[in-house]
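Protein chains: 4
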Amino acid sequence: MRIGVLTGGGDCPGLNAVIRAVTRRGADLGHEIVGIRHSWRGIVDRDVVELDRSAVSGILPRGGTILGMARFDPFLEERGVERTLAGIAELRLDAVVAIGGEGTLAIAHRLHGAHGVPVVGVPKTIDNDIGATDYSFGFDTAVQVCCEAIDRLHTTAESHNRIMVVEVMGRNAGWIALHAGMAAGADVILVPEDSLPIEDACDAIRERHERGRSYSIVVVAEGYALTRRSGEQEAVSQGSDAYGYVRLGGIGSVVADEIARATGYETRVTVLGHVQRGGTPTARDRVLATRFGLLAARLAHESRFGRMAALRGDRVVDVSLDEATGSLKLVPPEWLAAARQIA
Amino acid sequence: MRIGVLTGGGDCPGLNAVIRAVTRRGADLGHEIVGIRHSWRGIVDRDVVELDRSAVSGILPRGGTILGMARFDPFLEERGVERTLAGIAELRLDAVVAIGGEGTLAIAHRLHGAHGVPVVGVPKTIDNDIGATDYSFGFDTAVQVCCEAIDRLHTTAESHNRIMVVEVMGRNAGWIALHAGMAAGADVILVPEDSLPIEDACDAIRERHERGRSYSIVVVAEGYALTRRSGEQEAVSQGSDAYGYVRLGGIGSVVADEIARATGYETRVTVLGHVQRGGTPTARDRVLATRFGLLAARLAHESRFGRMAALRGDRVVDVSLDEATGSLKLVPPEWLAAARQIA
Amino acid sequence: MRIGVLTGGGDCPGLNAVIRAVTRRGADLGHEIVGIRHSWRGIVDRDVVELDRSAVSGILPRGGTILGMARFDPFLEERGVERTLAGIAELRLDAVVAIGGEGTLAIAHRLHGAHGVPVVGVPKTIDNDIGATDYSFGFDTAVQVCCEAIDRLHTTAESHNRIMVVEVMGRNAGWIALHAGMAAGADVILVPEDSLPIEDACDAIRERHERGRSYSIVVVAEGYALTRRSGEQEAVSQGSDAYGYVRLGGIGSVVADEIARATGYETRVTVLGHVQRGGTPTARDRVLATRFGLLAARLAHESRFGRMAALRGDRVVDVSLDEATGSLKLVPPEWLAAARQIA
Amino acid sequence: MRIGVLTGGGDCPGLNAVIRAVTRRGADLGHEIVGIRHSWRGIVDRDVVELDRSAVSGILPRGGTILGMARFDPFLEERGVERTLAGIAELRLDAVVAIGGEGTLAIAHRLHGAHGVPVVGVPKTIDNDIGATDYSFGFDTAVQVCCEAIDRLHTTAESHNRIMVVEVMGRNAGWIALHAGMAAGADVILVPEDSLPIEDACDAIRERHERGRSYSIVVVAEGYALTRRSGEQEAVSQGSDAYGYVRLGGIGSVVADEIARATGYETRVTVLGHVQRGGTPTARDRVLATRFGLLAARLAHESRFGRMAALRGDRVVDVSLDEATGSLKLVPPEWLAAARQIA
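These protein sequences, in sequence, are chains L, X, Y and Z. Heads up: take any position in the first sequence, counting from 1, add 735, and you land on the numbering used here. Heads up: take any position in the second sequence, counting from 1, add 735, and you land on the numbering used here. Heads up: take any position in the third sequence, counting from 1, add 735, and you land on the numbering used here. Heads up: take any position in the fourth sequence, counting from 1, add 735, and you land on the numbering used here.
In isolation and in its complexed conformation, chain L is listed as follows:
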C-alpha cells in the first residue's frame, strides 16, 4: 500500500511527531509512505517526497512540519476535486492520512464521502475545539507557553502595582485562556463562553485591590467579545488591515483600555501571538501526537477509511470523520465554574 500523509491548516506543535509515527509504523506494517507537501495542494502539484525511518529521524522534538502547510481547499479551486482525484491516482496513493483542523478534516470527510477518497483523519488544533476528541495535541504546548509567559508577567505586575492583560489564542473557544489562566493564577479570565461583562471584571479587580493586593493579571481569549452589563457586545476587529496581512491582537488592547479607564490603574498588554503555535512540543503533546499517528497508520493498514483518531478519556480510539467535523467543542459550564471558584 502507498500511504500519503499531509498537514493542513495552521501550525501546531506535534505535527512532526504524527508524521514520524505514521511513517515508522506504516513502514513496519509493510507500506510505502509518501509525504505530500503543502497540504492538498501537494496532491494537485504532485509535490511529494518519499518518507522512511531515516527521513523522519530527529524530527520528534521539532515544531512546525517537515511537509509544509497551506490553506488549500480543492472544493474552492477550479476543477480542484478533479485534479485532486487525478493526483491521487497518478501518485498511486492507496490511502491519505490528513492531519489538520476543522477545515482540513471537513475536506477529507467530503472527499471520502462524495468521491470515495480513502482518507484517515488526525485532528490538529491548538485551540482544543474539535468536538470528537477530548484533547488534541498542540493544546498542551500552547497552554504551557502562555503559562510560562504569565509567570514572568506576575513578577513585573507585583513589583509595579499594575494590571497586566494577556491576550491568548483559541479562536471561538476559551480553552487556552481557561487553562493558562488557572495554571498561572490569573485573577480574571475572559472567555467567549460566558461573556463576563467587563464591568464585572473591573469590579473584581477593584475588590482585589481593596483587599490589599496591588496588582492583577487578566487573561483574555482572542474570541472574547467586549460585553457590557447592558448585554451589549462590541465586535473587535482582529487587527487585519486592508491587505489582510498584518494581525495584531485586538481584544487585549480593548480590554486593557476599558480596565484602565474604569479603575485608574496602570495597565499593560501582552499579545503572545504565534509563539503559542510554534516550537518544540511538550512531552504530553509528543506522546498524544505519536499515539494518533500509530492509530492512523493502523486505520490505513486496515483500510478503515473515513475514520479519525481521537482521545476519549485516556484511550485513543477511532471515530467517524462525520462526527469529528460536526460541531465545535466549547468550554462547558463545569470548567467555567472551576475557574471562577479559584480566580
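Honestly, the hints are just simulated from the structure, not real lab data. The structure displayed is predicted, hence computed values, not measured ones. Please note: incorrect hints may appear among the correct ones.
Unchecked claim - A short list of chain L residues far from chain Y (calculated; beta carbon distances all over 10 Å):
hint, residue
1, D746
2, A884
3, L888
4, E893
5, T1005
6, D1049
Unchecked claim - Simulated coverage check for chain X against chain Z, where a stretch passes if three residues somewhere in it have a Cβ under 8 Å from a Cβ of chain Z:
hint, segment
7, 795-804
8, 889-895
9, 999-1008
We treat Cβ as the ideally placed atom computed from N, Cα and C, and that holds for glycine.
Add chains X, Y and Z to chain L, keeping to what the hints say.
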C-alpha cells in the same frame, strides 16, 4: 468548620497548588483553613499554621510544599493513633485533607475507617501508580523534566556514536519511563511491567546500528530488574549504603554495563534523581492539582469523608479511599504495545 | 552601620539577587540592613523592613523585587529632598544602596553630590544602555526570553511561508534586538543605531525569498524609527492612549505593515512586552547581580560613597556615579557589522 | 580558497553556530566551505561534505554538531601526519578551521608549527578552562542547565530536610560548579582549586542547620578530590569499569557519603552527566559562537594561520595558538572569595 490540610510522603510538583485551592475555596465556603506541618506529625506536635488567601498567595508556581513533608505513620508510633486523635480534637479540626501517596492515603483510610477521623484524600505521586485515578499531578512534570534531559542527551549521543542510558523514577511502575521514552524518542525502554530481557535490548541496539544509526538512547525505569532470556532476574540494590542515607540509582549503571559489554559501544549513564520531583509544575499539573484541591474543599464542606479526588477521563470525581488504596496501577499491555511500535 | 537598600525604576530580573547579596554580605560584615519599599518613596514614607538572612532566603531565583518599585523623584516632589533627608536621618541610615537605572542613579548621584547623602549605586537595566558598565544584569534574561520566543516563531514561519516581525524592548538602544536577533538567526534586525531604511529590509527579504527561502524573521527594537531611503523618519507613537495607561508596541506593527505592502508576503507581528522584564533570571544574570551586590556591600562598609558597581571585561569594579550617569551606551559599529555579516 | 571546518573533542552547545557562521561568512567572502566529518579522521578518510547557506540552515539552535566528532590524533596514528597532509592536499584545502578543546587545538598548533598546515583555531569547552579566552561557548549553557536542575532540587530539599549533593562537570577546573553554585544559591561549593576540607563543609552544614535551616545544597565539581583537614586527599576513581565504557560520577557519591556519616542528615546525590553537554545553546553561547565563527572565517580569508579566536573582555580577538594551548585556566582567588562570601 475548621479544615486541616497536610502533605505526606515524597515531594511532588503541584502540592502547593492543592493547598492553595483548598484554602481559597474552603475560605470562600466560609471555613477556617489550618495548615498542618510535616504531615501527620504536625497533628501530634500541634505544629500548625492558619492559612488564608494571603498565606497562599504566590505559591502556585512553586515546587515543594509550604507545609513541609515527613514520613510519619501514627500506626507505627507509640500511642500514635491516640495522640493523633487527641491532636485533632485539641486543634478542633472538623476535617483533614490529606494530600499524599499510597502510604499517606492508607493512613487516612485507616484513621477514617477504624477511628472515624473525618478525612478527605488527594492522591499525589509522580509515579502515576495510584489505581483509583487515571493521572495524578506531578507525573506530567516528571515526564517533562525527563524529556527535556533526554532531548539534550540526543545531541551528545549523535555527535559521539554513543549509547546513552537514562535512569528515571517510577518505583515499581514504568509510567515515567514509558512516557518520557516515547516523548523523547528513546530507542529502547525498559520497564518493570514487561521485563524485556537485556539481550533483546542489546539486539535491538545492534540492529539499529547495523541499519546505520550510530547511537541509541535507552530509558530505564528504576524498578526494572535486570532480566535475562533464561528468565533469571537480578535484583539491583538501590544503592543505599549501610547508613541508608545515600541513594544513587542502581539499575541504570547495571544496564549500561551490560550493554557496553554485549555491544562494545561506548556507553554513558545519567541518573536524573530528585530533579524529577522538584521545581515548578507544568501548566497541566497545576490545573489538575487545582481541580483536586477544589473538589477536596467541597468534599470537606459537604462532610463527605473517606472519599478521595480522582481523575477519570477528563472529569474530576470522588472515589472511596478504600478503592484508592487497593492496588498499584501498572502500565497496561496497550501502552506497552504502543511504545514497542514506535521505538 | 545601618545600610538601606532600595530598587527604583522598571522591573528587571536579578533585583532580588542584588538585595540578597547586599543583605548577606552586609550582615556578615556586621551591619544592619534595611529594605526601603517602593524606591525613594519608602524613605519619605518611612516604609521600610528589616532584612536578615532569613528574609532573603529563597528569593534568588525569583523575578521582581521583594521591595517593590516606584517611579518617585525627590527632586520633582514638593519638599522632596528635604523630606528625603529627614527620612534618612530618622531611619538612621548610614548608607543607601540604590539599585536602579539611569533615573534612579541620577537621583542618587545628585543626592550625594549636592546633599552629601551616603549612596552606593548598582546599575540595573534590561536595555544594557548604561555607559559605565559593559553589561548589566537583566539583559541576558531579556535576550534569552526573546531568543526562545523567536525559536518558536521560526517553525511557524517556516511551515507557512511567512514574515514574522518581532518587536523587542531596548528603549533607545538596539542591544536586545541585536543579541536576540543574532542568537535566534533573524534575517533582518532593525535597531535605532544604524537606522536601516525599510526599503533595504524589504529588498533583503525579497532577495532571500528569490534564493528559495520562503520565510523571514525580522526583529525590531522598540526604539527604531521607521526610516526611508530618502532619509525621512517617521516617529512612531509608542501606543499610549490619552490616559497614558495602555502601551502596546507601535513600531512592530508599522514595520510589519510596510513589509506586507512592499513584498506582498503574509506578515505577522509579535510584541513580547513585559515578558522580557519579569520572571526568573538566567544563571548569568544571577551571578552578575550577586557580584554587584557583594561589591555594593563592601563599598558601603568602606564608606566609599558616590561610587557604583560596574562590570569591565570580566571584573566587577567600582566607578564614579558621575561617570555612570553620563551617557547612554549605544550599539557600536563593530557589533552592527557582526550582525550584518551573519544575517 | 577552499576552507575546511572540523569539530573535535567532546560535545558542546554552540558548535553548529560556529559552523554556520564560518560557512555563511566564508561564502560571502567568496570561498568554498568543506565540512570535515569526525574531526581529523575525516581528512584521512576523505569524509567531507560541501557546505553552503542551505546546508547550515536551521542548525543554529541545535546542540551537537552536524559534522560529528571523534577523538582522533594524527600524531598517535600510524603514518597519521603523513596521511593527514596527503588528505589536505587531495581535498585541496587552503585552510582548516579546527573547532575544539585543548587536545584538538594542540594538534592544530603542532600541524601548523611543524608541518605548515594552514590552520585557524576556535576554542571549545564547556569547562571554560582554556587559558587564552575569558569565556568559551558552551559554558553558559552548561551553567544554565545545572542552575535549573538545582532550582528544582531546592524545593525537594526544603520540603524534606535533606542534603542534596549535585555533581557537575568541569574536569580539573571548578568554573561550572562555582557559577552554577552561585547562581542557584548552593550552600557549599567544592572545587578543585581550593580543596576545601570535607570537615569544613560538614561544619558549615551543621552550623546552617543549627541556625534553623533544615536543608542544604552542596555542589561538587567532578575534579574535586576528597580532602581532609589533615591535608590528606583521596583520589576518586571516575567510575569507569574495566572496559572503560561506563562512567558514573564518582566524587558526588563519595562526598554525599561523608556528609551523611558526619552530620547524620539524610543525603541524596544527583549526577547531571552529559545533559550538561547537549541540547540547544543559550542565547549568549549562540552569540559568542557566532562571533568566533565570523572571526575564524576572516582569519582564514586573510591567511592568518596559527591564530585562534578568543574573547577578551567583550571583544573577540585573535591570539596565537601557542598561547591558547599553554595552560589551563583555573578559578582565580577573587572568584573563590566571592563564592565564599555569598554561600
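Verification of the supplied hints:
Some Cβ of chain Y comes within 10 Å of the Cβ of L:D746; the nearest lies about 4 Å off, and the non-interface call is violated. Separation of L:A884 from chain Y is inadequate, the least Cβ-Cβ distance of about 5 Å not exceeding the 10 Å criterion. Taking the minimum C-beta to C-beta distance to chain Y, about 5 Å, the non-interface status of L:L888 is violated against the 10 Å cut. The Cβ of L:E893 does not lie farther than 10 Å from every Cβ of chain Y; its closest approach is about 5 Å, which violates its non-interface assignment.
Distance to chain Y contradicts L:T1005 as a non-interface residue, since its nearest Cβ pair spans about 4 Å, not more than 10 Å. Annotated as non-interface, L:D1049 keeps its C-beta farther than 10 Å from every C-beta of chain Y; the closest such distance is 28 Å. Counting residues of the segment 795-804 of chain X whose beta carbon lies closer than 8 Å to any beta carbon of chain Z gives 6, which meets the minimum of three for the stated coverage. Only residues whose C-beta sits within less than 8 Å of a C-beta in chain Z count toward coverage, and the segment 889-895 of chain X has 7 of them, enough to reach three; the restraint holds.
Note: the segment 999-1008 of chain X has 9 residues with beta-carbon separation from chain Z under 8 Å; the three-residue rule is met and the coverage holds.
Going down the numbered hints, you'll see the structure goes against 1, 2, 3, 4, 5, while the others check out.
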